[in-house]
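**Student:** Input sequences plus hints: build the corresponding full structure.
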Amino acid sequence: MIKAKGQDGAATMVATIDYGFGVARLWGGFTAETVEREFYHRANQCFGIRKSISCCVVRDLKAEPFPKVFGVKPERVVAVLKHNGDTIVWGKSGKKLKSEFD
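Yeah, the sequence shown ends on 101 if you go by numbering that gives the first Met the number 0, and it's all consecutive.
Treat the hints as calculated values from the structure; they're not laboratory data.
As the structure is a computational prediction, the values presented were derived from the model and not from experiment.
We put the beta carbon where it would ideally sit given N, CA and C, even for glycine.
A hint or two may mislead.
[Said to hold, decoys possible] The following label-pair restraints were derived from C-beta to C-beta distances:
#1 90 - 53: 26 to 32 Å
#2 75 - 54: 30 to 36 Å
#3 51 - 72: 29 to 35 Å
#4 74 - 54: 30 to 36 Å
#5 64 - 22: 17 to 23 Å
#6 19 - 67: 24 to 30 Å
#7 46 - 93: 15 to 21 Å
#8 91 - 35: 31 to 37 Å
#9 50 - 74: 31 to 37 Å
#10 46 - 90: 27 to 33 Å
#11 31 - 66: 16 to 22 Å
#12 40 - 75: 28 to 34 Å
[Stated by the list, open to error] Taking lysine-lysine and the BS3-like style, the derived pairs with C-alpha atoms no more than 27 Å apart in a straight line are:
#13 95 - 72
#14 67 - 95
#15 50 - 91
#16 81 - 91
#17 61 - 81
#18 72 - 91
#19 94 - 61
**Tutor:** Below is the structure:
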């Protein structure tokens, strides 16, 4: 199993998740055992996806660096969720740093 190393510049994990209405990609410091919990935790904070979730099927899981989004420095990012054209970024504080609507 590959485990993400977090904010130290090492690779993080990316999961491709079928949530029933579409497919989401989630980057962060999770493992195969914790990815579903992390997906629900992040997705339930997002108006655009939380009402659309009917399942959580992990289609792919691999090590991959955070994507470059909104000019946010990668060392500030703890999670990124992309779904249906939306992108949401969370920082080390646990709060959302940025989305299309901020």
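**Student:** Now tell me, hint by hint, if it's right for this structure.
**Tutor:** Structure-based check of all given hints:
Residue 90 and residue 53 have their C-beta atoms about 29 Å apart, which keeps the hinted 26 to 32 Å range intact. The beta-carbon spacing between residue 75 and residue 54, approximately 31 Å, falls within the hinted interval of 30 to 36 Å. Our hint of 29 to 35 Å for residue 51 and residue 72 holds, since their Cβ atoms are close to 30 Å apart. In this structure the supplied range 30 to 36 Å holds for residue 74 paired with residue 54, their Cβ-Cβ distance being about 34 Å.
In this structure, residue 64 and residue 22 meet the distance hint of 17 to 23 Å, their C-beta atoms being roughly 20 Å apart. A C-beta distance of roughly 29 Å is found between residue 19 and residue 67, which places it inside the suggested range of 24 to 30 Å. Taken as a hint, the range 15 to 21 Å holds for the pair residue 46 and residue 93, whose Cβ atoms sit roughly 18 Å apart. The hinted window of 31 to 37 Å between residue 91 and residue 35 is violated, with their beta carbons roughly 22 Å apart.
Between residue 50 and residue 74 the beta carbon distance is about 33 Å. The supplied range of 31 to 37 Å therefore holds. For residue 46 paired with residue 90, a C-beta distance near 19 Å fails the hint of 27 to 33 Å. The hinted window of 16 to 22 Å between residue 31 and residue 66 holds, with their beta carbons roughly 21 Å apart. For the pair residue 40 and residue 75, the beta carbons lie near 19 Å from each other, so the given range of 28 to 34 Å is not met.
Between residue 95 and residue 72, the direct Cα distance comes to roughly 14 Å. Compliance with the 27 Å bound is thereby established for this hinted pair. A threshold of 27 Å between alpha carbons decides the hint, and for residue 67 with residue 95 the separation of about 16 Å falls inside it, so the pair holds. Note on residue 50 and residue 91: the hinted pairing holds, with a Cα-Cα distance of about 26 Å set against a maximum of 27 Å. Between residue 81 and residue 91, the direct Cα distance comes to roughly 18 Å. Compliance with the 27 Å bound is thereby established for this hinted pair.
In summary, the hint linking residue 61 to residue 81 is supported, as the alpha carbons are separated by about 16 Å, within the 27 Å threshold. With a CA separation close to 12 Å, the supplied pair residue 72 and residue 91 stays within the 27 Å bound. At most 27 Å may separate the alpha-carbon atoms for a hinted pair to count; residue 94 and residue 61 meet this at roughly 25 Å.
Going through the hint list in order, the structure does not satisfy hints 8, 10 and 12.
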